[in-house]
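If you want the building blocks of each chain, they are given just below.
Number of protein chains: 2
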Amino acid sequence: MRKLAFLFATAILPLGAQATPPPSNGIKLPATYKHWQVLGVSHRDDNQSLRVIVGNTTAMTATRKGNTHPWPDGAILGKLVWKDSRHPLWQPAIVPGTLSHIEFMVKDSKKYADTGGWGFARWVGMELKPLDNDGGKPCFECHKAAAKTDFVFTRPAPLP
Amino acid sequence: MRKLAFLFATAILPLGAQATPPPSNGIKLPATYKHWQVLGVSHRDDNQSLRVIVGNTTAMTATRKGNTHPWPDGAILGKLVWKDSRHPLWQPAIVPGTLSHIEFMVKDSKKYADTGGWGFARWVGMELKPLDNDGGKPCFECHKAAAKTDFVFTRPAPLP
Chain A
1 MRKLAFLFAT
11 AILPLGAQAT
21 PPPSNGIKLP
31 ATYKHWQVLG
41 VSHRDDNQSL
51 RVIVGNTTAM
61 TATRKGNTHP
71 WPDGAILGKL
81 VWKDSRHPLW
91 QPAIVPGTLS
101 HIEFMVKDSK
111 KYADTGGWGF
121 ARWVGMELKP
131 LDNDGGKPCF
141 ECHKAAAKTD
151 FVFTRPAPLP
Chain B
1 MRKLAFLFAT
11 AILPLGAQAT
21 PPPSNGIKLP
31 ATYKHWQVLG
41 VSHRDDNQSL
51 RVIVGNTTAM
61 TATRKGNTHP
71 WPDGAILGKL
81 VWKDSRHPLW
91 QPAIVPGTLS
101 HIEFMVKDSK
111 KYADTGGWGF
121 ARWVGMELKP
131 LDNDGGKPCF
141 ECHKAAAKTD
151 FVFTRPAPLP
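Protein sequence lines, in the order shown, are assigned to chains A and B.
Each residue of the first sequence is one higher than the last, beginning at 1 in the UniProt record's numbering.
Each residue of the second sequence is one higher than the last, beginning at 1 in the UniProt record's numbering.
Honestly, the hints are just simulated from the structure, not real lab data.
Predicted model, so just to flag it, every value in this text is computed and none were measured.
There may be inaccurate statements among the hints.
[To be verified] Sample of chain A residues with no beta-carbon within 10 Å of chain B, all distances over it, derived:
| id | residue |
| --- | --- |
| 1 | Arg44 |
| 2 | Asp46 |
| 3 | Asp73 |
| 4 | Gly74 |
| 5 | Pro92 |
| 6 | Glu103 |
| 7 | Asp108 |
| 8 | Lys111 |
| 9 | Pro130 |
| 10 | Leu131 |
| 11 | Asn133 |
| 12 | Pro138 |
| 13 | Phe140 |
| 14 | Glu141 |
| 15 | Ala157 |
| 16 | Pro160 |
[As the list claims (entries may be wrong)] Cβ-to-Cβ under 8 Å is the rule here; a few derived chain B residues that face chain A:
| id | residue |
| --- | --- |
| 17 | Asp46 |
| 18 | Leu50 |
| 19 | Lys79 |
| 20 | Val81 |
| 21 | Trp82 |
| 22 | Ser100 |
| 23 | Glu103 |
| 24 | Pro130 |
| 25 | Leu131 |
| 26 | Gly135 |
| 27 | Phe153 |
Built from N, CA and C at the ideal position, the CB exists for glycine as well.
Bound-form chain A, shown alone (with noise of 0.2 Å):
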């Protein structure tokens, strides 16, 4: 019951100021990303985690307009990482357990020229405890792999 507890007190969009940690490979976390409107969703299961993206209003403007090849200056998408835990009242639902992550990609063609573009932020845990691996290279290393979507893995998800 404690678990269940703190999932209610720290739920998403809590009441209260927005935690301000130190910046990540000089990006500062974005002071709205709870308000952001979602993008997609997925889940590992090679690390066992479930993931929301979101995008701030550039990103999903540029969503609907199909304006993403390549994503214009000024968008920014969001994952919100959670390992996985078992729904106790309904067992074949994996459901969002403790907070792994959440991490960023900010696209600024001239300042991210090197990665691709893309500025690439990480916080881990509920301390939010910003990563630092030299300007996120390692990240765009394995972004190159989607370079035909502008190095974006997300693609939207599919409604009427």
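Mind docking chain B on chain A? Use the hints.
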């Protein structure tokens, strides 16, 4: 490649008019649901489907304030459900495939007193075929398992 083209062409929050299907169980499709904020996420491994749970302003305000025991009248929760697929560039990632259905719980403690104070609605597939199932009584039968959380299974995902 046809499938990928399809996914891009029917992005979440696409440009153009909102689809307006017939009502389900007498409930109209909420006009703005694609703009709602995210409350949670789940993956069901019994029926291989990925889900994003979103809420209208009343629901999200109630979540932030912890005012969900019970949820206030006017709160609407939406669940967007896709069949599983594998990301072609990142095989361990299960991502949205074709749309299964979208469904909503509408809180009106008087109007829906017979089903826990919630109206239940569902539209199936990209054609948004409305479900009519005896006013949502079969939905409510399963939701009785979550009576302690006002018949809502979703627990807001934790964030700092």
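Each hint tested on the structure:
At roughly 5 Å, the least C-beta separation between A/Arg44 and chain B is not larger than 10 Å, which violates its mark as non-interface. Not every CB of chain B lies more than 10 Å from the CB of A/Asp46, the least distance being 4 Å, so the non-interface label is violated. With a least CB separation of 20 Å from chain B, A/Asp73 remains clear of the 10 Å interface cut-off, as annotated. With a closest Cβ-Cβ approach of about 17 Å to chain B, A/Gly74 is found to remain outside the 10 Å limit, as its non-interface label requires.
Listed as a non-interface residue, A/Pro92 fails to keep its Cβ farther than 10 Å from every Cβ of chain B; the least gap is roughly 4 Å. Every CB of chain B lies more than 10 Å from the CB of A/Glu103, the least distance being 13 Å, so the non-interface label holds. No beta-carbon of chain B comes within 10 Å of the beta-carbon of A/Asp108; the shortest separation is about 23 Å. Chain B leaves A/Lys111 outside its interface by the beta-carbon criterion, the shortest separation being 26 Å against a cut-off of 10 Å.
The non-interface label for A/Pro130 is consistent with chain B: the shortest C-beta to C-beta separation is roughly 13 Å, beyond 10 Å. For A/Leu131, the shortest C-beta to C-beta distance to chain B comes to about 15 Å, beyond the 10 Å cut-off, and the non-interface label holds. Annotated as non-interface, A/Asn133 keeps its C-beta farther than 10 Å from every C-beta of chain B; the closest such distance is 19 Å. No Cβ of chain B approaches the Cβ of A/Pro138 within 10 Å, the least distance being about 16 Å, so the stated non-interface status holds.
Distance check for A/Phe140 against chain B: the nearest CB is about 15 Å away, which clears 10 Å, and the non-interface claim stands. Look at A/Glu141: its CB is around 14 Å from the nearest CB on chain B, clear of 10 Å, so calling it non-interface holds up. A/Ala157, annotated as away from the interface, has a beta carbon of chain B within 10 Å; the closest lies near 4 Å. For A/Pro160, the shortest C-beta to C-beta distance to chain B comes to about 4 Å, within the 10 Å cut-off, and the non-interface label is violated.
About 4 Å separates the beta-carbon of B/Asp46 from the nearest beta-carbon of chain A, less than 8 Å, and the hint is met. Checking B/Leu50 against chain A: minimum C-beta separation of about 5 Å stays under 8 Å; hint holds. Hint on B/Lys79 is violated. Least Cβ distance to chain A is approximately 11 Å, over the 8 Å limit. The beta carbon of B/Val81 is not positioned within 8 Å of any beta carbon in chain A (closest approach about 10 Å), and the interface hint is therefore violated.
Of the supplied interface hints, the one on B/Trp82 holds, with its beta-carbon coming within about 6 Å of a beta-carbon of chain A, less than 8 Å. Using the Cβ-Cβ criterion of 8 Å, the hint placing B/Ser100 at the interface with chain A is not satisfied: the shortest such distance is roughly 11 Å. A hinted interface residue such as B/Glu103 counts as satisfied when its beta carbon comes closer than 8 Å to some beta carbon of chain A; here the least separation is about 13 Å, so the hint is violated. About 13 Å separates the beta-carbon of B/Pro130 from the nearest beta-carbon of chain A, more than 8 Å, and the hint is not met.
Annotation: B/Leu131 was flagged as interfacial toward chain A, and the flag is violated, the nearest CB pair being 15 Å apart, outside 8 Å. Below 8 Å, beta-carbon pairs count as interface contacts, and B/Gly135 has none with chain A, the closest being about 22 Å; its hint is therefore violated. Interface restraint check: B/Phe153 against chain A, minimum CB-CB distance 6 Å, threshold 8 Å, status holds.
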